[in-house]
Amino acid sequence: MNYEILLPNSSFKECAEYIKKNFKEIYYVPAGYKIFDNYLVGIPPIPIAVDNDDIIMPYVKPCHGCFVLRVPGKEEIGGLRGGKL
Amino acid sequence: MKALLMMGCPELPVQTAAALYIANKLGREGFEVISAGNKAAISLLINSDPEKHYIKKVMDLDRCIGALAEKAMDFDLCFVFIHSDSGISYLATIKSISKAKTIAVIFGKEIEPLIEASTDSVIIAAKAVHNPTPLRAKIDGVKSWAALTR
Chain G
1 MNYEILLPNS SFKECAEYIK KNFKEIYYVP AGYKIFDNYL VGIPPIPIAV DNDDIIMPYV
61 KPCHGCFVLR VPGKEEIGGL RGGKL
Chain U
1 MKALLMMGCP ELPVQTAAAL YIANKLGREG FEVISAGNKA AISLLINSDP EKHYIKKVMD
61 LDRCIGALAE KAMDFDLCFV FIHSDSGISY LATIKSISKA KTIAVIFGKE IEPLIEASTD
121 SVIIAAKAVH NPTPLRAKID GVKSWAALTR
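Sequence lines, in order, name chains G and U.
Just so you know, we're using the working numbering here: the first sequence kicks off at 1 and counts up by one.
Just so you know, we're using the working numbering here: the second sequence kicks off at 1 and counts up by one.
If you're looking for bench data, these hints aren't it; they were derived computationally from the structure.
In this text, a Cβ means the ideal position worked out from N, Cα and C, and glycines have one as well.
Where hints are given, some of them may not hold.
What the hints assert, rightly or not - In silico BS3-like cross-links for lysine-lysine, where the CA-CA straight-line distance does not exceed 30 Å:
#1 U:Lys56 x U:Lys25
#2 G:Lys13 x U:Lys71
#3 U:Lys101 x U:Lys2
#4 U:Lys52 x G:Lys13
#5 G:Lys24 x G:Lys34
#6 U:Lys25 x G:Lys34
#7 U:Lys25 x U:Lys39
#8 U:Lys71 x U:Lys109
#9 G:Lys13 x U:Lys138
#10 U:Lys25 x G:Lys61
To be verified - Heads up, incomplete: computed chain U residues facing chain G, CB under 7 Å, no partners named:
#11 Cys9
#12 Pro13
#13 Gly30
#14 Ile65
#15 Gly66
#16 Ala67
#17 Ser86
#18 Ser89
#19 Ser96
#20 Ile97
#21 Ser144
#22 Thr149
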């Protein structure tokens, strides 16, 4: 998975707020939502943004906290817009 | 009865000791116990119990989340080990994708915000980093884990 880190080593709430504050097209998904062959971890509803052809999403790692990632995601955007939740 | 031990980052030494201790208690009550964690957390467990007296089955953390989300497995009890914000995220995820009764095992130096964030779970909490005794005392305060499944 190619990605760019927009916000490193933060709490999940900080990452969720960052996404909601900085992007307009937001979708809310349940915990365990499958995206890029990963199952999202977090406090639902989990905000995911679409920005042009990219997905902006929180990503939790046990040892490093939560990150906000920008991932090229044409194939996943359709599912989000189509309500595949 | 099935129980899951979901471990976080093993940077605090008490986690491995607490997991082994709980696994022993659960085993004595007849639970099938699966331990999930990242590579380091699982490696610590396996190397601490080479004869597999307490740790019978282990699983990668991401695969475990995936299997629960896909409803390929589930548990009666899930112990989520929490010493940071990441643990709270894993607890919330488990509550969302599993029918298991959740037990938040909270430890570290600053446990109060973690306790406040662990709503709707049984809470086992103690300030503990290197010495597992305070946490063990809280674990011993529960006389029967099987009773939580009824």
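Here is what the structure says about each hint:
1. U:Lys56 x U:Lys25: 13 Å, holds
2. G:Lys13 x U:Lys71: At roughly 27 Å apart (the allowed maximum being 30 Å), U:Lys71 and G:Lys13 satisfy the hint.
3. U:Lys101 x U:Lys2: 11 Å, holds
4. U:Lys52 x G:Lys13: 39 Å, violated
5. G:Lys24 x G:Lys34: Answer holds: G:Lys24 to G:Lys34 is near 22 Å, not above 30 Å.
6. U:Lys25 x G:Lys34: 34 Å, violated
7. U:Lys25 x U:Lys39: 24 Å, holds
8. U:Lys71 x U:Lys109: Outside the cut-off at roughly 35 Å; violated.
9. G:Lys13 x U:Lys138: This hinted pair holds, its Cα atoms lying about 29 Å apart.
10. U:Lys25 x G:Lys61: 29 Å, holds
11. Cys9: 4 Å, holds
12. Pro13: Hint violated; U:Pro13 Cβ to chain G Cβ min 15 Å, cut 7 Å.
13. Gly30: 29 Å, violated
14. Ile65: 5 Å, holds
15. Gly66: 5 Å, holds
16. Ala67: 9 Å, violated
17. Ser86: 5 Å, holds
18. Ser89: 5 Å, holds
19. Ser96: 4 Å, holds
20. Ile97: 4 Å, holds
21. Ser144: 29 Å, violated
22. Thr149: 22 Å, violated
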